[in-house]
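Student: Could you put the whole structure together from the sequences, leaning on the hints where they help?
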Amino acid sequence: MLKSLLGPGTPQPSLLDRLKQGIQKTRAGLVTKLDDAIYGRKEIDSGLLDELEYALITADVGPRTAADILESIRQRVDRHLVSDPAELRGLIREHLLSVLESVERPLAEVAEPPLVVMVVGVNGSGKTTTIGKLAHRFKTDGRSVLLCAADTFRAAAIEQLEIWGTRTATEVIRQQQGSDPSAVIFDALQAAKARKVDTLIVDTAGRLHTKENLMAELEKMRRTASRVVPDAPHEVLLVLDATTGQNGLEQARKFTGSAGVTGLVLTKLDGTAKGGIVVAISRELNLPIRYVGVGEQADDLLPFEPDKFIASLFA
Amino acid sequence: MFDSLSEKLQRVFKNIRGEGTLTAENMEAALKEIRMALLEADVHFKVVKQFIEGVRQKALGQEVLTSFSPAQQVIKIVRDELIAVLGTHPSRLRTANQPPTVVMIVGLQGSGKTTSTGKLAKFLSKSGHRPLVVSVDVYRPAARQQLAVIARDLQMPLYAGTPEETKPLDLARSARREAEQTGRDMVLIDTAGRLHIDDELMAELQELKENLNPTEILFVADAMTGQDAVKSADEFHKRLGITGVILTKMDGDARGGGALSIRHVTGQPLKFIGTGEKFDALEAFHPDRAANRILGMGDVISFIEKVEQNIDQKKAEEMQRKLIDNEFTLEDFRDQLKQLRKLGPLENLIGMMPKMGPLKELKDAKVDEKELTRIVAIIDSMTPRERDNHMLINGARRRRIAKGSGTTVQDVNNLLKQYAQARKMMKSFTGGGFLGKRMAKMKLPFFDNQN
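Chains as they are written, first to last, in my numbering: chain A, 152 to 466; chain B, 4 to 454.
Don't read these hints as lab results, they were simulated from the structure. It is possible that part of the hints are untrue.
Here chain A is said to cover these stretches of chain B; the calculated rule only asks that three of the stretch's residues, wherever they fall, bring their Cβ under 8 Å from a Cβ of chain A [unchecked claim]:
no.	stretch
1	103-115
2	145-154
3	244-255
Each residue gets a CB set at the ideal place from its N, CA and C atoms; glycine is no exception.
Tutor: What follows is the structure, given as structure tokens:
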């Protein structure tokens, strides 16, 4: 289970419902297809397995994960462990859940604040919006937050973060566009220490994982951070657009290599996207999913809990 | 990362005894690999299915070409099919009869609309248009400011809007009026990102369309999009009737299989690809290059075709004879270089080579196009006698040649040295095997005919 930053014992009663609502489309996608495939079938034959593969692949779980799942089903069928198509739904559910649960680990905690959270990702995945929502979430939990505008590259990125700062009444440490992002981080960390804030969230410029110089810049930012606060950044969140396909794996791999990603945030899950790529990423890279973004409002960011995620998928 | 499809196919056929012919059985194994490659490239499942069926039909009906191995034949069929689906020609932007031409740029959040708008404005102004840009994204924080900064950097006129104008339609209308008044022939409208299932926002786009009568509605799609690309493109197309697609973030390592899916479901052409963060990183879409990328392969067949198309058969035979008789003069050298240039940019040629086997060393080869131009200029500055017999070229002649070609004596020396080396190498080599074995090592690659 994910120990969210909500603090102890503050479960929102509406959480499951909101998650359900937010990812309704997701559900309509994968589960409807699975149900359609299974419905009315008397036995498990190759036609049914094809349909299942279709449902899994169009959910972006990737051809390899899909092949894995089908293989385990086939084996069970061969050994006469299952024969009723209706059991398949449960099997797939279990399989997906076990993949997601096996990578769960609690969020980093620090003995002495600030907790430094760095947010990275490719262009347009939703980093700045996620940070706005994260700030809102931490604030509602009664934590003090400081934002760091280290995306000094994209036009108006700093202004975008500042608007989120105003919305959530959070201060933003910034410099001019075009300045060295590591310098901004340095300033922000000094400020965070001086003001004794609980959490510092660092926005970084979107970059494609194939740009080596930009990935090296991330490494430098990490080094700078760790010089001011040992072990910082404590959490490095990779923001991933839920519509991302198999390239998401490569993104996760490269960002983990350079930035030391510790968890994923899946955004834009309110589309028809299925976010199946997170299953592939969890499976191959052993990274937990921390949050999911399900809308454009400040409170549209929910902590990710595999059992609830899967439960709402299969509800 | 992924093995390239061509490598996989070669392995499939190697594992089958008597790989000489294409049979129904070994075809199945090949199709399986193709299917996996396409799925990994994020081509939509259903599109893959239809596609594979098409390839199967074509492959089995095909007469056996002895000059290609089965793997190569399959690759060729797949590639031809891909290109057929992607569209055979690069397509261009249309303009309205009565300017200003209105271009709407639409898409999901974060696909790269604003950046593409800036790039497109630059692209258009380079080709003689006078675009005006306007952002009607009244939702995302600082979105309009983002476009304003881009326009300022590009020194491109932008309609900034008045404080009263808070509706996208008002902004767009005023922008068009401003374009008419200031003699701008194109208006690029950057719209807010939206999910295709957001009914309200999709209706807003329809309203914009009805009132502005845009000539082009470009759908901006992220090359990294997965299986969902189909749905969003389809929905945008249904609601708006998009006229083209810009595929962004192609400078990453995404295979861009979404391109195939989008084209398949909308039938609309891919017009541009975004290939970098700089504002000139927008290119016209080339179906053949996209096909290669989706397949993740160096394209040996089109390379061979290209060589065959462009190398003059007679000249090639003549060259072969000269090479053997060691009559290879500087004049011939220049001809070879010129033929080579006809094949197109060398970087592309190298991109087409399979990065394996004897040509492995070419992988990181960098070719300086200017270098070739310089060499041709140097040879051009020689007298016919000098070209015929390079031994004539003494210090004074070298100075003259350098002056005539705008190079230095050192450049001339270098060229003569390379030429002498090439001649020497030819002496040691008789007949075939040249292209494969020597080319990688030579500083100045040129081709003989390999039939």
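Student: Enumerate the violated hints, using their earlier numbering and listing them in ascending order.
Tutor: none
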